[in-house]
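Q: Chain A is already provided as a structure; the job is to place chain B on it using the hints.
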Amino acid sequence: MVQSLSAKKKVLLIDDEKYFCFFIAKNLEHSGEYTVIYATNPDKGIRMAKKESPDVILLDISMPGKDGFKVLEILKGDEKTLSIPVIMLTALDDEEARLKASSLYNEDYVTKPVSYETLKAKIDKALEGMMEKRVRLHLQR
Amino acid sequence: MDKPRILVIDDEEIIRNLLSDILTKDYDVETVGDGNAALQKVKETFFNLLITDLKMPRLGGLDVLKEIKRVNPYIEVIIITGYPTIESAVEAIKIGAFDFICKPFDVQEMKLTIDRCLERQKFNKNHFELGELITLFEVGKTITANTDLDYLLGQILDSALRLVRAKRGSLMLRDEKTGELTVKATRGLNEGININVRTVSGEETAYRLQGDSEEAYEGKAFLQIPLVGKYLYPQKDVFGAIYVTDKIFGGNFTEREHSLLCILADEAATAIENYKLYSQLQDKVKALEHTIKELNETQNQLIQTEKMAAVGQLASGIAHEIRNPLGIVMGGVEFLKNRISDEDGDIKESIEKIKQSIDRANNIIIDLLKFSRASQLKLQEVDILRIMDETISLIKNQAYLNAVEINRNYGEKEIYVKADPNMLRQVFFNLCINAIDAMPKGGRLTLNMYTSLGSGQNEKEAVVEILDTGKGIPEDILPKIFNPFFTTKEPGKGTGLGLSIVHLIIERHNGRIGVESKVNEGTKFTLKLPAIGG
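Just so you know, the protein sequences line up as chains A and B, in that order.
For the record, in the first sequence the residue sitting at position 59 is 59 according to our numbering, with numbers rising by one throughout.
Residues are numbered in our numbering as their position in the second sequence, beginning at 1, plus a constant of 1000.
Treat the hints as calculated values from the structure; they're not laboratory data.
Hints are not guaranteed to be accurate.
Stated by the list, open to error - Calculated cross-link-like contacts (lysine-lysine; reagent style DSSO-like; alpha-carbon spacing at most 27 Å):
1. Lys8(A) <-> Lys18(A)
2. Lys1524(B) <-> Lys18(A)
3. Lys1355(B) <-> Lys26(A)
4. Lys1418(B) <-> Lys1460(B)
5. Lys1337(B) <-> Lys120(A)
6. Lys26(A) <-> Lys1348(B)
7. Lys1353(B) <-> Lys26(A)
8. Lys1524(B) <-> Lys1460(B)
9. Lys10(A) <-> Lys1337(B)
10. Lys1337(B) <-> Lys26(A)
Predicted model only: the values in this text are computed from it and were never measured.
Next up, chain A with everything else stripped away, as it sits in the complex:
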């Protein structure tokens, strides 16, 4: 089933910084375009991704326990979360991490501190790409 383009998009944010999650969630929701759920530890984030089927996942790279790339590997290895676009978040403007994110899973990357405008643009771009993929798949069927 193709989702309505006008429906609020569900964003899952996985980041160990609680207040970062809180403010990003509030700011995205303030626009009225998104509903945001968040997890402050990687394992909980993976569980929520499988259970909640978000439209897009914002995933921090540096987290205690499992780093963002490990979480990404798990999400991409699971059929339920395989097709969800992921935007990697990091405090390090690390060229290697950027290349790893884009070359391994063709995912986008954003550096903290991030403004609402930048984040929104990244999310919309990821969603657009996702939507195009789904439409293409639907038409093929």
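A: Same frame as chain A, now just chain B:
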């Protein structure tokens, strides 16, 4: 003690025998019948006194006196004659005769005259030898105090000529490369002699080399003393020679003169060896000074590089710790912004200021992170002219807005270096933007790029000069401009890391960066990188 030696010359046998009889007790006496035989004797043996008849067949007494004085300058002479004239007496004294005795002579008077004459001979000989020793001593002092080789060789030769009373001579040294003797200094030699002409070695060819005749050589009218190595050259190795000829008073050189010249040659050899050692030492000192300078420069570069690398490591370490709270602050500020009404102008403005401060802090982190990346070069062969062209396309709008004209002078069609293109682009960009910023009222940005020979042998360097006609950098600030966090810009306008990043990147490429500036005239940055194909 040996008896004084007397030579008696007289063509009358009776006189010879008489003198021999009366003198043999106290002296060692030899007699000959003519001047030539006397001359031969004097050449063979040393005599203290000569008693000669004035009138003799072939070689007369005065001629004998002249010749013998040349051979043995210490000899004293008493003239005896049966036909005394004032003229001959005056002539005899002029030539150097001690006394003039008429035949028949009184034996006691003759003995007294001989004693007085021998006393003077002894005194004169001592005086003469002392003079020679003084000359030798002075020579030793002069030649060991010299540090210029040509001057030293000239001094040695002059001393040698003075010592043996010769008019002409030369000094030869062995050529280090060919091993052949080469004339290094000459005095009074035939014109047209090539000073640097080479000879195989030794005395066989020496006289020809000097332009002297074979006869002079065969007559031994010269002395050639080898210069023998003691400690610098191998022991007893002949590394040169002193050649003297043409005695001032004519005649041949004596054994004594030969001995004196040998002593001088010994001193001279030491002086030359000392000079060579001194030169070698000087070269070594210069090389050492150069090495110390290089070491200091390397040490300073290492310190600077280590300092910057440490900043880089610190940067990547703290970036994560600072950016996370900055992310929270940014989110929080935007959260607050969404909760105020449009009427709350002051609060809105404050929120904007906070956001700007967040950006400023973040920019510092970005610059700091560039440090850590400057240490991780991805080297490849790149044409720096193309990199400069790409940089120009990035800055040309900014230049246009500031009324800055860009002049490109490329000395070659392409200049390849091994470099990280992104890093070099960053260097060129930073320097060009700084140059444009230095010309707020417009000006000219000149970009010169060419290759030149580097400081090392056969090393080609790519040279990049970035010149502006801006306000310039004051002299007291110039040494600090590459220090991290040094800035003259207003707070918030620059982190003070741009030039230190440039410095680090160039150093990581084994290059050098220099700056020259004059206030109100402009600034010139010069970059030098090892070029490929040097």
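Q: Are the hints correct? Go through all of them and say.
A: Each hint tested on the structure:
| no. | hint | verdict |
| --- | --- | --- |
| 1 | Lys8(A) <-> Lys18(A) | holds, 23 Å |
| 2 | Lys1524(B) <-> Lys18(A) | violated, 51 Å |
| 3 | Lys1355(B) <-> Lys26(A) | holds, 18 Å |
| 4 | Lys1418(B) <-> Lys1460(B) | holds, 13 Å |
| 5 | Lys1337(B) <-> Lys120(A) | holds, 16 Å |
| 6 | Lys26(A) <-> Lys1348(B) | holds, 18 Å |
| 7 | Lys1353(B) <-> Lys26(A) | holds, 21 Å |
| 8 | Lys1524(B) <-> Lys1460(B) | holds, 21 Å |
| 9 | Lys10(A) <-> Lys1337(B) | holds, 23 Å |
| 10 | Lys1337(B) <-> Lys26(A) | holds, 11 Å |
The structure does not agree with numbered hint 2 stated previously, though it agrees with all others.
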